[in-house]
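Asker: Start from the sequences and build out the full structure, keeping to the hints where you can.
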Amino acid sequence: MNNKQLKKTSKIYVAGHKGMVGSAVCRLLEKKGYTNLIYSNSTKLDLRDQLKVKQFFQKEEPEAVISAAAVVGGILANNNFPYQFIMDNMQIQNNLIDSSFKMGVEKFIFLGSSCIYPKLSPQPIKEEYLLTDKLEPTNQWYAVAKISGVKTCETLKKQYKKDYVSLMPSNLYGYHDNFSLETSHVLPAIIRKIHDAKVKKLSEVRLFGSGKPLREFLFIDDMAEAVIFALENNLPHYLYNIGTGISISIKKLVSLIQKEIGYDCKIVWDTNKPNGTHEKTVDVSRINEAGWRHSVELSEGIKRTYSWFLDNISNIREVSIKIK
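The end of the sequence shown is residue 324 by my numbering, with every number in the run present.
Calculated directly from the structure, the hints in this document are not laboratory data.
From the three backbone atoms N, C-alpha and C, an ideal C-beta is built for every residue, glycine too.
Please note: incorrect hints may appear among the correct ones.
Listed next, with one range per pair, are the computed distances between beta-carbon atoms [stated by the list, open to error]:
no.	residue 1	residue 2	range
1	ILE313	GLU61	38 to 48 Å
2	GLN58	TYR160	17 to 27 Å
3	ASP46	MET103	13 to 23 Å
4	SER295	GLU204	33 to 43 Å
5	LEU120	SER307	10 to 20 Å
6	ASN41	SER307	19 to 29 Å
Answerer: This is the structure:
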């Protein structure tokens with residue numbers, strides 16, 4: 001299948017369909033009229049198992065694949081489970097990419113993170129900065145795994161002319177996010193901590209680092225739009241940054257979240273905890289020139305995210321890394 005033959009009835013496999021990204025992609029595909037989506041629960045298909053993945057592909061014969069399955073988490077999770085972050089992610093993506101290639105899948109969308117870029121990359125970060133310097137130590141395990149996936153997709157595009165494209169988003173947030181205090185990323189963690197403080201009437205909240213680092217945040221629905229854009233178009237490059245191109249300090253982010261939640265408690269910054277990279281803003285000119293750009297601004301995204309959190313708070317559980 002080449003991209004021009006993609007139809008609303010084309011069989012599209014979304015790996016990781018229950019995760020934040022995968023579920024957003026599935027919702028948008030269905031909204032756009034795609035009627036032949038396939039997926040499998042992790043209890044039925046362990047994507048780390050090469051044989052089972054191969055058999056799944058032989059049975060289902062997908063025409064396009066979206067790789068949204070991964071072991072993810074924040075600084076604490078990366079630090080505590082380095083083996084799982086590098087090995088599980090490499091097994092998952094290698095099995096998906098190799099089975100797609102061997103089964104003749106022409107369209108493959110590989111999803112990663114802007115943490116693949118060097119810690120001290122010039123800002124904003126261009127795609128060509130990949131592998132030009134050292135990684136940020138606090139998330140290097142996940143980054144190394146994702147870099148290997150990006151480069152593997154590049155080889156198939158280069159050697160076999162496959163339409164395998166890698167999309168690297170900035171910090172994602174939104175519906176179905178992980179709000180666990182143990183494994184979540186910064187934005188949902190702050191929402192959870194300030195909400196809990198409001199409920200418990202706490203006078204202060206302790207947060208990691210100094211609050212000075214700059215981060216870029218992309219609402220999950222915008223990410224889904226970027227995935228479908230890549231699915232429906234022939235993109236010439238193998239790697240694209242996906243984001244807003246706009247950064248905000250963690251301190252200012254906290255202020256926005258406090259305003260939305262309606263709780264102005266004191267913030268105590270734990271400077272003994274790591275900050276991570278000081279600034280991480282991606283250059284989105286390549287994907288913008290191709291025809292995609294974000295539409296949801298941060299304040300609106302926080303509003304939608306907190307509203308979803310309140311509607312689903314009874315179902316939110318602590319999320320832990322699955323140890324093999």
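Asker: Hints first: check each against the structure and report whether it holds.
Answerer: Okay, the hints, checked on the actual structure:
no., hint, verdict
1, ILE313 to GLU61: 38 to 48 Å, "41 Å, holds"
2, GLN58 to TYR160: 17 to 27 Å, "20 Å, holds"
3, ASP46 to MET103: 13 to 23 Å, "18 Å, holds"
4, SER295 to GLU204: 33 to 43 Å, "36 Å, holds"
5, LEU120 to SER307: 10 to 20 Å, "37 Å, violated"
6, ASN41 to SER307: 19 to 29 Å, "27 Å, holds"
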